[in-house]
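J.: Given chain A, put chain B in place with the hints provided.
Here the protein sequences line up with chains A and B, keeping their order. Each position in the first sequence, counted from 1, maps to that position plus 26 in this note's numbering. Each position in the second sequence, counted from 1, maps to that position plus 14 in this note's numbering.
Everything labelled a hint here was simulated from the structure, so no lab data went into it. Honestly, I wouldn't trust all of these hints.
[Unchecked claim] Below, computed lysine-lysine pairings styled on DSS-like, alpha-carbon distance capped at 25 angstroms:
#1 B:Lys15 / A:Lys62
#2 A:Lys48 / A:Lys93
#3 A:Lys93 / B:Lys56
#4 A:Lys93 / B:Lys113
#5 A:Lys78 / A:Lys93
#6 A:Lys45 / B:Lys56
#7 A:Lys45 / B:Lys15
#8 A:Lys78 / B:Lys82
#9 B:Lys56 / B:Lys113
#10 A:Lys66 / B:Lys113
#11 A:Lys67 / A:Lys35
#12 A:Lys67 / B:Lys56
#13 B:Lys56 / A:Lys66
#14 B:Lys82 / A:Lys93
#15 B:Lys15 / A:Lys35
#16 A:Lys78 / B:Lys113
#17 A:Lys48 / A:Lys70
#18 A:Lys62 / A:Lys45
#19 A:Lys48 / B:Lys15
#20 B:Lys113 / A:Lys70
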Amino acid sequence: DTAVSQTPKYLVTQMGNDKSIKCEQNLGHDTMYWYKQDSKKFLKIMFSYNNKELIINETVPNRFSPKSPDKAHLNLHINSLELGDSAVYFCASSQVGTSVEQFFGPGTRLTVL
Amino acid sequence: KQEVTQIPAALSVPEGENLVLNCSFTDSAIYNLQWFRQDPGKGLTSLLLIQSSQREQTSGRLNASLDKSSGRSTLYIAASQPGDSATYLCAVETGTASKLTFGTGTRLQVTL
Numbered sequence: 027d028t029a030v031s032q033t034p035k036y037l038v039t040q041m042g043n044d045k046s047i048k049c050e051q052n053l054g055h056d057t058m059y060w061y062k063q064d065s066k067k068f069l070k071i072m073f074s075y076n077n078k079e080l081i082i083n084e085t086v087p088n089r090f091s092p093k094s095p096d097k098a099h100l101n102l103h104i105n106s107l108e109l110g111d112s113a114v115y116f117c118a119s120s121q122v123g124t125s126v127e128q129f130f131g132p133g134t135r136l137t138v139l
Numbered sequence: 015k016q017e018v019t020q021i022p023a024a025l026s027v028p029e030g031e032n033l034v035l036n037c038s039f040t041d042s043a044i045y046n047l048q049w050f051r052q053d054p055g056k057g058l059t060s061l062l063l064i065q066s067s068q069r070e071q072t073s074g075r076l077n078a079s080l081d082k083s084s085g086r087s088t089l090y091i092a093a094s095q096p097g098d099s100a101t102y103l104c105a106v107e108t109g110t111a112s113k114l115t116f117g118t119g120t121r122l123q124v125t126l
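The shape of chain A in the complex, shown without the other chains (with noise of 0.2 angstroms):
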C-alpha cells in the first residue's frame, strides 16, 4: 500500500565504504527525486528524474551516482562514504511538470563512522 518506499530504513558504514539505498514508487508517476536533509534539518535536492532522465543535478560530489532502472525505482549508490554523508535521505515523486505534489519516502537515515 506504501506509495513511495525506502530501504534500509537506517545505514551504519564504515568511512571509505560504498552503499545503496533503494527508493520505488507506485503511484505511477514520471518524475522521482533524491533529497538529503541534514542534522540541522535542512532539506535540500540532489536529484531529480524524469522517465529515467537526468533532470536535476545539485552540484552533488561525483560519489554520489543516481540509477533509474525503470521510472518506478530511483536508487542512490555512494561511493568512498565519508563522515559528512551522514544524513537522512529523502526519495520523493510526482507527477512530471511544474506545480504538482510531491510524494515522499519515510527517509533512510546514513550514518558513517
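T.: Frame of chain A; chain B shown alone:
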C-alpha cells in the same frame, strides 16, 4: 538564488489555541508554495499546495495564504491539538523540473 526562511524556529502553545506559522522567500518568481508536515523519524506529508495564481488554500483546520509579491506565506492552524505537534516545512517551486527549495522549518509543540 532562492532562499526560504521560516519564523519562528520553534513554538509551544496550549491545546485549543489558534496559531500562525510564517514563511518568507526571496525570489517571487515561483510556480507554487507547499506546506509539509514532518513527524520525528518520519517522511514529509504534504498539507497544502498553493499555486502562484492563488491567494489561499484550506484543508480542514488548516489555511495557507500566499502573497507572492511580498514573498510571504502563512499557515494558520485553528483549534490546535496535541496531534498537530510536528515540524512544519514550507517549500517553493522555482525554475524548471519541479525544483523545491525548503525552509528551515518550525517545530510546533501543542501541550495539554
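J.: Now tell me, hint by hint, if it's right for this structure.
T.: Status of the hints after comparison with the structure:
Between B:Lys15 and A:Lys62, the direct Cα distance comes to roughly 18 angstroms. Compliance with the 25 angstroms bound is thereby established for this hinted pair. As the CA atoms of A:Lys48 and A:Lys93 are separated by approximately 9 angstroms, the hinted pair is consistent with the 25 angstroms bound. A C-alpha spacing of about 24 angstroms is found between A:Lys93 and B:Lys56, which places the hinted pair at or below 25 angstroms, so the restraint holds. Straight-line distance between C-alpha atoms of A:Lys93 and B:Lys113 comes to about 19 angstroms, which keeps the hinted pair within the 25 angstroms bound.
For the given pair, A:Lys78 sits about 8 angstroms from A:Lys93 by alpha-carbon distance, which is consistent with the 25 angstroms threshold. A distance of roughly 22 angstroms separates the Cα atoms of A:Lys45 and B:Lys56; the hinted pair therefore holds under the 25 angstroms criterion. Of the supplied pair hints, the one linking A:Lys45 and B:Lys15 is violated, its CA atoms being roughly 32 angstroms apart against a limit of 25 angstroms. Simply put, A:Lys78 and B:Lys82 have alpha-carbon atoms about 33 angstroms apart, too far for the 25 angstroms limit, and the pair is violated.
Note on B:Lys56 and B:Lys113: the hinted pairing holds, with a Cα-Cα distance of about 22 angstroms set against a maximum of 25 angstroms. For the given pair, A:Lys66 sits about 21 angstroms from B:Lys113 by alpha-carbon distance, which is consistent with the 25 angstroms threshold. Proximity of A:Lys67 to A:Lys35 is assessed by CA-CA distance (about 17 angstroms); at most 25 angstroms being required, the pair is judged to hold. In summary, the hint linking A:Lys67 to B:Lys56 is supported, as the alpha carbons are separated by about 12 angstroms, within the 25 angstroms threshold.
Between B:Lys56 and A:Lys66 the alpha-carbon distance is near 16 angstroms, which keeps this suggested pair within the 25 angstroms criterion. Taking the CA atoms of B:Lys82 and A:Lys93, the gap is about 36 angstroms. The hint is violated against a cut of 25 angstroms. With a CA separation close to 32 angstroms, the supplied pair B:Lys15 and A:Lys35 exceeds the 25 angstroms bound. A distance of roughly 17 angstroms separates the Cα atoms of A:Lys78 and B:Lys113; the hinted pair therefore holds under the 25 angstroms criterion.
Simply put, A:Lys48 and A:Lys70 have alpha-carbon atoms about 18 angstroms apart, close enough for the 25 angstroms limit, and the pair holds. With a C-alpha separation of about 15 angstroms, the suggested pairing of A:Lys62 with A:Lys45 holds against the 25 angstroms cut-off. For the suggested pair A:Lys48 and B:Lys15, the alpha carbons sit about 30 angstroms apart, so the restraint of at most 25 angstroms is broken. Using a Cα cut-off of 25 angstroms, the hinted pair B:Lys113 and A:Lys70 holds, with the two alpha carbons roughly 10 angstroms apart.
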